[in-house]
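> The primary structure of each chain is shown beneath.
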Amino acid sequence: MTAKRSITLAATLSSITLFAQTAREPDWKALEDETMRHYQAVLRLDTRNPPGNEHVVVDYVKGVLEKEGIPVQVFASDANRSNLVARLKGNGRKRPILVMGHSDTVTTDEKKWTYPPLSATRNGGWVYGRGTIDDKDNLTGGLMTMILLKRLNVPLDRDVIFVSEAGEEGSTGVGIGYLVRDHFADIDAEYCLAEGGGVTRIGGETKYATVQTLEKIPRGIEIVAHGISGHGSIPLKSNAIVHLAGAVAKIGDWRPDVRFNETTGTYFRKLAAISPPDVAKYYRDVLSPDPKVQRAADDWLFENEPRHSSMLRTSVSPNIFQGGYRSNVIPSEARATLDVRALPDEDPAKFLGQVRRVINDPAVDVHFTNESIRPAGPDAKLDSEAFKALEAAGTRIYNAPTLPMMGTGATDMAQLRARGMQCFGIGPATDFEDAPKGFGAHSDQERLLESELHRFVRFNWDVIYELARAK
Amino acid sequence: MKVLGAGVRGAWCGAAVLGAVLGAGVLGAEVLSAVQGAPAQPDWKALEPEIMRHFQAIMRIDTRNPPGNEHLAVDYMKKVFDDAGIAGQVFALDPNRSNIVARIKGSGRKRPVLIMGHTDVVTVDESKWKFPPFSATRDGGWVYGRGAVDDKDNLTAAFETMLLLKRFNVPLDRDVIFLSESGEEGASNFGMQFMVNQHYPEIDAEYCLAEGGGAIRIGGQVKYTTVETLEKIPRGIELVAHGISGHGSIPLKSNAVVHLASAVAKVGEWRPEIRFNETTGSYFRGLASIASPEAAKYYRDVLSSDAKVRATADDWLFEHEPVHSSMLRTSVSPNIFQGGYRSNVIPSEAKATLDVRALPDEDPAKFLAQVKAVVDDPAVDVHFTGQNVRPASAFDARLDSEPYKVLEAAAKRIYNTVTLPKMETGATDMSPLRARGVQCFGIGVAIDMEDGPKGYGMHSDQERVLESELYRFVRYTYESVVDLARAR
Numbered sequence: 001m002t003a004k005r006s007i008t009l010a011a012t013l014s015s016i017t018l019f020a021q022t023a024r025e026p027d028w029k030a031l032e033d034e035t036m037r038h039y040q041a042v043l044r045l046d047t048r049n050p051p052g053n054e055h056v057v058v059d060y061v062k063g064v065l066e067k068e069g070i071p072v073q074v075f076a077s078d079a080n081r082s083n084l085v086a087r088l089k090g091n092g093r094k095r096p097i098l099v100m101g102h103s104d105t106v107t108t109d110e111k112k113w114t115y116p117p118l119s120a121t122r123n124g125g126w127v128y129g130r131g132t133i134d135d136k137d138n139l140t141g142g143l144m145t146m147i148l149l150k151r152l153n154v155p156l157d158r159d160v161i162f163v164s165e166a167g168e169e170g171s172t173g174v175g176i177g178y179l180v181r182d183h184f185a186d187i188d189a190e191y192c193l194a195e196g197g198g199v200t201r202i203g204g205e206t207k208y209a210t211v212q213t214l215e216k217i218p219r220g221i222e223i224v225a226h227g228i229s230g231h232g233s234i235p236l237k238s239n240a241i242v243h244l245a246g247a248v249a250k251i252g253d254w255r256p257d258v259r260f261n262e263t264t265g266t267y268f269r270k271l272a273a274i275s276p277p278d279v280a281k282y283y284r285d286v287l288s289p290d291p292k293v294q295r296a297a298d299d300w301l302f303e304n305e306p307r308h309s310s311m312l313r314t315s316v317s318p319n320i321f322q323g324g325y326r327s328n329v330i331p332s333e334a335r336a337t338l339d340v341r342a343l344p345d346e347d348p349a350k351f352l353g354q355v356r357r358v359i360n361d362p363a364v365d366v367h368f369t370n371e372s373i374r375p376a377g378p379d380a381k382l383d384s385e386a387f388k389a390l391e392a393a394g395t396r397i398y399n400a401p402t403l404p405m406m407g408t409g410a411t412d413m414a415q416l417r418a419r420g421m422q423c424f425g426i427g428p429a430t431d432f433e434d435a436p437k438g439f440g441a442h443s444d445q446e447r448l449l450e451s452e453l454h455r456f457v458r459f460n461w462d463v464i465y466e467l468a469r470a471k
Numbered sequence: 001m002k003v004l005g006a007g008v009r010g011a012w013c014g015a016a017v018l019g020a021v022l023g024a025g026v027l028g029a030e031v032l033s034a035v036q037g038a039p040a041q042p043d044w045k046a047l048e049p050e051i052m053r054h055f056q057a058i059m060r061i062d063t064r065n066p067p068g069n070e071h072l073a074v075d076y077m078k079k080v081f082d083d084a085g086i087a088g089q090v091f092a093l094d095p096n097r098s099n100i101v102a103r104i105k106g107s108g109r110k111r112p113v114l115i116m117g118h119t120d121v122v123t124v125d126e127s128k129w130k131f132p133p134f135s136a137t138r139d140g141g142w143v144y145g146r147g148a149v150d151d152k153d154n155l156t157a158a159f160e161t162m163l164l165l166k167r168f169n170v171p172l173d174r175d176v177i178f179l180s181e182s183g184e185e186g187a188s189n190f191g192m193q194f195m196v197n198q199h200y201p202e203i204d205a206e207y208c209l210a211e212g213g214g215a216i217r218i219g220g221q222v223k224y225t226t227v228e229t230l231e232k233i234p235r236g237i238e239l240v241a242h243g244i245s246g247h248g249s250i251p252l253k254s255n256a257v258v259h260l261a262s263a264v265a266k267v268g269e270w271r272p273e274i275r276f277n278e279t280t281g282s283y284f285r286g287l288a289s290i291a292s293p294e295a296a297k298y299y300r301d302v303l304s305s306d307a308k309v310r311a312t313a314d315d316w317l318f319e320h321e322p323v324h325s326s327m328l329r330t331s332v333s334p335n336i337f338q339g340g341y342r343s344n345v346i347p348s349e350a351k352a353t354l355d356v357r358a359l360p361d362e363d364p365a366k367f368l369a370q371v372k373a374v375v376d377d378p379a380v381d382v383h384f385t386g387q388n389v390r391p392a393s394a395f396d397a398r399l400d401s402e403p404y405k406v407l408e409a410a411a412k413r414i415y416n417t418v419t420l421p422k423m424e425t426g427a428t429d430m431s432p433l434r435a436r437g438v439q440c441f442g443i444g445v446a447i448d449m450e451d452g453p454k455g456y457g458m459h460s461d462q463e464r465v466l467e468s469e470l471y472r473f474v475r476y477t478y479e480s481v482v483d484l485a486r487a488r
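Heads up: the protein sequence lines correspond to chains A and B, in order.
Going by my numbering, the first sequence opens with residue 1, and the numbers climb by one from there.
Going by my numbering, the second sequence opens with residue 1, and the numbers climb by one from there.
Hints were generated in silico from the structure; no laboratory data involved.
Quantities reported herein were computed from a predicted structural model and do not represent experimental measurements.
Take these hints with a grain of salt, some might be off.
[Said to hold, decoys possible] Beyond 10 Å from chain A on every Cβ pair, some chain B residues (computed):
1) Pro49
2) Phe81
3) Phe131
4) Pro251
5) Ala288
6) Gln370
7) Thr385
[Stated by the list, open to error] Partner residues are not named here, just some residues of chain B that face chain A (Cβ under 10 Å, in silico):
8) His247
9) Glu319
10) Phe337
[What the hints assert, rightly or not] Straight-line Cα separation of at most 20 Å, PhoX-like style, residue types lysine-lysine; simulated pairs:
11) A/Lys250 with B/Lys351
12) B/Lys351 with A/Lys111
13) B/Lys266 with A/Lys237
14) B/Lys253 with A/Lys437
15) B/Lys266 with A/Lys250
16) B/Lys266 with A/Lys112
Every residue gets a Cβ at the ideal spot worked out from N, C-alpha and C, and that includes glycine.
Can you build the whole structure from these sequences, using the hints too?
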């Protein structure tokens, strides 16, 4: 803490310093059991969406907060899919800060999990379970911060609002959409912290922190092949499955144009500056005006660091393919769903045209699904108080530089940015190697290091304390 | 003996000379029988309402398989048989999936002939049908419904044949055995396998007639008939791609859906090598001699020893006459593809099913290796499904046999056309009978060659049969059975 400007503070400086020391360093070790207890409790509550049933998490968290004397409001358009809002009031000198963690998770394919997906099994220093890094980690970070602020009775310049919303994974209509539409006054803030960023560990060491200040926009596309039905013993040239397979194979091969924006340009340049030479080369080369050089770097990224490859472009992932119902019957139709994440400046109609040209088959129809569209909004500012606090905490807690980042995935921040809130996506440290190994978010073995859970709670505390406390 | 009212006319042309010599007139049919000439000729026009009645009744019974429920059709047939004084016996492994056998005894001087038609039909995607699939709607001269050309047409023809044999009390040298079996469409363990394994003496015969052949009309005219003497063997293959699961916003190189799509696209492009056998060689040579010059060229060219000439002809056949393209080779049709369950989740697995129909001389292991080589992707596993594999036949039905000659003569008489031996691209219940030494011949109704590509063929969403051809086929079946089985 820097010694400050105002003489009016000097009178109470000593007591503030003493108080700040206590608040600055809660007993983290003692808090770990409590943190783990809440983390595992919410992980074990089945909020797979669909159907969601997020009220079970809301009930639990409500109980915890009220025990601490923190007032809680519950808002719901569907009683089973409630949203929790809790607020610690400040003196009003600055506008509020909002911290969020959504209560729902994606679904699971249970037979593929080594540890049952709702078990929150602790093994080898990890906690395994659906939601461990999306988004019950952020939920726990926000929850513990609220508890600590209250217990330590920290005087605040800003209200601190904690929201655990439902339906982030594909049904924002009952969650953030509903809250923004019907209860915006209860969550309105200057800044918001939510999922979307993180700290990257490589070879077990934290290398850099990322804060998401911008995100790609989901624009799902469905492709449908039409053919003639018939008997499987007489192969037909018009076979819808063969046509659709051809289309999906071409899409899978296609690499949409690379295009940078201010955030991603900054990101890759900074990344190049802090990375070891053999990797930095790729981060620099991908910015090259020479298409061959860029392509070679892109190939390497796609194979080795697919998240980075996704940041360069509007990305396309064929995730569902369904055709046929009987082994000896040629079906007359087959369908596939492409998960498209558009660069914020992408023209949807033009992109759809490109997809059609890549497929180049009149038997295949191409159209947007118009499913769960997120609105576009302005980036969060890198010269804001919030970003600076995040950078400082990144140095202090992770000993790592902070890079602004464009999120490849969509978050509930989109709806808030569209209402003018400056939102920053944060997250715990995860191993870079985990996603390709199949341990990432939405995977069949989602997991988080226990030590990083606890470190992330400290990070949440550090940032929010710094931004909200009375100065 | 006065002949009954339900349709008797004068002797048919084949016996006209004999009739004239014996002084038989228009009503002299029974006299002809007494001197062992041609038996009574039914009044086919007058029989049409009865044929349509039985056909529609059987078509309207929902025997889609699964679940089958073929007992409903068996109940209908048993009742009609009972009323006609024919003893129908019901055999069942599962009472809902019963089989019916009926026998009209002959003198025993020759071994029996077995005539068959299976009761079950493939399933439907109801939303795609214009007329409800079990309505047997008559429209524009066609009857629409699941089973119209597979296999309730053959079933009706065989059924009606039994009724007529009994009604006209035709003296026989051979027993004529009727079998309507369940589960032909993928559950033959309830039907043919069960009958062959548990009740073979009830159906043992020298010859059998079942589905698999047919007459082909082009531009509304019958051009040739076919008799199936050989069939391809189903050997389903499954492809499974394995990848890493992940978030849809981060495309992965290992995406199982993409890998499987590439595999299926390659398999779809691939044309397995062409290979002829005695039946298919005769067939294409026969076709070349009777077809129009433009088409005949292709039928000849596909037999060429020049690979390029062959490939060009094959391309044309694949586009315009896919059934012929299928006869040239072990064929592969990707019919099921499933991967993924959520739009923003990359699934870790995707599966596809290939319907493979092997040439009888194909080496399964070698073929599987070829598929693997075409797929050429270590992330995609390739293996046989092992599902409902029919046995290879002991030997083809012979082209110089009595039934083949009888069928050829019937085709000349009734369709005024030649008969070609054919290798069936699909599998039939004749396979286990052939394995036991029965000489089986696949016959069928006349269909328009244009119907398949238009989506009106068997297993399609608008399966249909021409009424006029249904009646003609009943006559062809009846006369052939009589010719084969009657006392001489």
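> Let me make sure I understand: some of the numbered hints might not hold for this structure. Which ones are they, in numerical order?
Numbers 4, 7, 16 - these are the hints that the structure violates, sorted from lowest upward.
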